[in-house]
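Q: The residues making up each chain are set out below.
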Amino acid sequence: MALTQPMASSGAQQLELPENVVVSRLDELANWCRKNSLWPMPFATACCGIELMATGAAKHDLARFGAEVFRFSPRQCDLMIVAGRVVMKMLPVLQRIWQQMHEPKWCISMGACASTGGVFDTYAVVQGIDRFIPVDMYVPGCPPRPEQLIQAIIDLQDKIQREGTITGREFNTRQRQDRKRALVESPLPLTLDASRNPNIQRQLSGSVTTARP
Amino acid sequence: MNSFSDAPSDSATTCPHLVALEQAFGSLESSLFRGQQRVVVPAANSFAALGLLKDRGFDLLVDVSCVDYLEYRGAKHRYGLVYLLASTTSPDRLTVRVFADDPEPTVASVVPLWEAANWLEREVWDLFGIHFTGHPDLRRLVMPEAFTAHPLRKDYPLQGRGERHNFPVITRDHS
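Protein chains in written order, with the numbering used here: chain A, 340 to 552; chain C, 21 to 195.
These aren't lab readings, by the way, just hints derived from the structure by calculation. Think of the CB as a built atom: it goes at the ideal place given N, C-alpha and C, for glycine as much as any other residue. Be careful, since some hints might not be right.
[What the hints assert, rightly or not] Sample of chain C residues facing chain A (criterion: CB under 8 Å; computed from the structure):
(1) L90
(2) G94
(3) D157
(4) P164
[To be verified] Within a straight-line C-alpha distance of at most 20 Å, the following computed SDA-like cross-link-like pairs (lysine to any residue) qualify:
(5) C:K74 <-> C:C35
(6) A:K428 <-> C:E165
(7) A:K398 <-> C:Q179
(8) C:K74 <-> C:P123
(9) C:K74 <-> C:R160
(10) A:K428 <-> C:E135
(11) A:K398 <-> C:S85
(12) C:K74 <-> C:K174
(13) A:K398 <-> C:M163
(14) C:K74 <-> C:D121
(15) A:K428 <-> C:T34
(16) A:K428 <-> C:V39
(17) A:K398 <-> C:K74
(18) A:K428 <-> C:D193
(19) A:K498 <-> C:T191
(20) A:K498 <-> C:C35
(21) A:K428 <-> C:Q179
(22) A:K428 <-> C:C35
(23) A:K398 <-> A:T455
(24) A:K428 <-> C:M163
(25) A:K398 <-> C:L178
(26) A:K428 <-> C:K74
(27) A:K428 <-> C:P188
(28) A:K398 <-> C:G180
(29) C:K174 <-> A:F459
(30) A:K398 <-> C:R192
(31) A:K498 <-> C:D193
(32) A:K428 <-> C:L172
(33) A:K428 <-> C:E143
(34) A:K428 <-> C:G182
(35) A:K428 <-> C:S129
(36) C:K174 <-> C:S85
(37) A:K428 <-> C:V162
(38) A:K428 <-> C:L104
(39) A:K428 <-> C:D146
(40) A:K498 <-> C:R160
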């Protein structure tokens, strides 16, 4: 974030910064503040809500990422986490709560039901909340592990830092926003997975050379 | 061998409540399944029959439910209501069936007998469209008020008729 190098390319004048002074852009500074103090609004309707609670509890400790302050008033929140299926009677409530939240605000759709309706393809269940409210991050899983939700929050922090502006211009113009994407599983290094896979273990030890046709 | 007897036995006639019902309303279709007594009451007499049973000690209405027998093998009626009665002073239990038919399935409300029937009958009205005459407040219970269909009927499609798609879409521009 900080520009610590003196602007010396012109060679005319070197800007000497005093100690503890950094130069940055206001947008970057606002993004840095916003991304590290996300206040989630827990819209937990089903079993995903249990994992959401586990994410906030001591073992997984969402406080490490600055998002531990769950508030039950939408007016104090800037991150809505929809955890669980949303039925059609609940959807007007969801939309109202989303509209009561102050800008800038973001939304995480947690789990298969919130994202797609999951197995509940019936007359009463909404098939994905992104049909009716904007969603920034999707978390797959039924329910997702707390690690996945934490990864989604880290990804959302990256997104805020990359595309955010202090006036929220990125919400008006789609070109300024990153493409929406689901959580991506990062592949484990082979050595980590080798204990489970004897073939890889043998390949690593060099005793077997695999011949491919 | 099976310790439970599914065949009709002499105990069908020993149930005193059934005897009292048949004295009042004539011969009734009844059956006994694993010790549980079941009796079918004509829709015209349902309120009087259930009132008689309440006077005989069935002071607890456990449940009011409904079954849609559309295209069911051998069914003579479209809807079959189920009243599960129990007593708080004796171990007696009784299942009362009342049948109703299209186009306007109507049954007398038992709210004057048991207050518990209020929400139970509202739920049956909501999901099956059975009209309960004499109900003080027959509104939908579980589905949204603007909903028009009765979704547990067999001729209602599982995925609905598009009701869940008719909401305003909130985008980033107006939120």
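Q: For this structure, which hints from the list above don't hold up?
A: 1, 2, 3, 7, 8, 9, 10, 11, 12, 13, 14, 15, 16, 17, 18, 20, 22, 23, 25, 26, 28, 30, 35, 38, 40
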